[in-house]
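What follows is each chain in one-letter form.
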Amino acid sequence: MAHDSGSATPMSAPYERNPFHVLELTPEASAVEVERAGQKLLAMLGVGLEAAAGYAHPGGRAQREEADVRWAMAELRDPARRARWEVWWAPADALEGVPAPAPGPDLFRWLGWRR
Amino acid sequence: MKRDPSDEWLLHRWLNDLVLWGLLGWLVGLLVVLLLTVFLPWGTPLWLALWVGVVWPGAAEAVLVGIGAWKVAAFLGWMGNLRWYRHRGSVWPALAALEAVRRPALWEEVDQAVRDRRVLGPGHLFAMALQAWHAGRPVEARDLMHLVLYVDTSLQTRPLPRWATEWLVCEALERGDVGAAEGWRRHPRAAWSLRCSLAVAAVQGGAGPGVWGMWAFAGAWWRTRSLVEQARRPRPTEPVPWPSSPVVALWVAERTGAPDAVRHAVATWQEHLPALRPRVAARLAELGGVGVAPSVREEVEQALADLVQRHRVALGADEGGLVRARVLGDLRDAARALADELQRRSDERDPLPMADEVVAWCRVLRAYDDIVCIGGEVQRSQAYGIVHSALNNHAVWLHNRRGNQIVANALYRRAWHAAVQADHPGQELLYSNVDCGPGDGSPRRYF
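So the sequences go chain by chain: L and G.
Going by my numbering, 1470 is the number at position 98 of the first sequence; the sequence numbering is gapless.
Going by my numbering, 521 is the number at position 202 of the second sequence; the sequence numbering is gapless.
What the hints contain is simulated information worked out from the structure, not anything from laboratory work.
It cannot be assumed that every hint is accurate.
[Unchecked claim] Covered by chain L, per the in silico footprint, the following chain G stretches (three or more residues, Cβ under 8 angstroms):
id	region
1	489-495
2	516-526
3	539-545
Beta carbons: idealized from backbone N, C-alpha and C, even for Gly.
The whole structure should be built from the sequences, with the hints applied where relevant.
Below you can see the structure in the form of structure tokens.
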């Protein structure tokens, strides 16, 4: 996901991208665990491992780059910003039981309209 | 509500559309057949072709609709109506836009042709709506299609309201808003057809065997057959379980876009908001932080306001709280800014191309609609008061100074309907403007 790594809220809604998801951690993670997860992901991305190229969040999956990992580590090192991100955190599988809106019938085509 | 001068009485419509033209066609046809069969050896087939194709194309139209060639049918229907000849120029952009929907390479030409017009007709509005739709501006397309319905019926734009209504119904159904689609059935200017009923039934499901009858009369049977199958499947009844976590509720609302999900997200956050600041402060102390806790509450309210605005969900006065107030405040500011800009351009005689003028006018009315949609009926009167002067004055400018009587008449009528719904005193003025009529289609400046 391309973004400005210095920005605290690079996307439109604050719940859409969360450093805990980027580092695959939960709010219970300690500061040491944050550093360890970040360094591990940076090393994996450095050697181009496929497993580190993406991460899950409640809306689906997103791409992960080194800049994302550095941004996430910086956000979680600062206690104030970490407290904020904890409010916006939800488990990555939170929407598993929620059906995605089913694509309806292609009414325009059936009624003779083309796009 | 006063009678709209362009509303046709049912009997008049019937006489005009069916009996009068049928009788005329029959008499002319009789005369022609007598002459042709007397003087030409192959007169009868020629007469039949003339009678069906030109004198009374209703028969040909019915056959073409039946086999699904409804655009050709509408064109024939238009050709058969002599009163349209005064405004012949107006139908071409509509037909060109319909063709461009099929062949997108034509859009540039159609778009340029519309933008170059100094005087717009009903067909131009329809073409602009399709162009906006094609360019991925569905809200603008919806506004323009809506405006097509308000064109004076004396211009005999018969196919355009039918197409516009079908488009508006399909668009509402694609957004998942069955209520809005059904709303067009009751709209005084919409031309609701069996295809619209079929489309609604296809989305709702659970229709009885009567839907086959609907299909039989809807035409284009091989295409609309799939709609019957969709309509006959059982209606889904499983309710979606609402999450208790406020963040998950936000995600669910974002994913489904369902009004109930958005309301649930707002309600869940309302419960959590009072405890949010102490919770964040306590957590900050736990993490060893110093200083002021971040104002997450402000951020939450903004995220909820964006969500409500994006999905245009109506919030009751008792369920939205601060979020509702924030959204309505933002919408009122936006409406004021748009109305002020429109008024400034009317006052300073600062013209845009006519196509942009219509879009700008519709955007102001859309701002009013947004307030009513989210704030409910109680907001109607006050919200209309914000935009009334700008809407009326701009339409007057387009009518008097820029010679666009047909479009201005549609704008007056649209604003008049809004003013009547809002019970605004400006409705008398708008009615008298509507009563000026759409002119004869020729550009004319009054001063």
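How the hints compare with the structure:
1. 489-495: Since 4 is at least three, the answer is holds.
2. 516-526: holds (count 3)
3. 539-545: holds (count 4)
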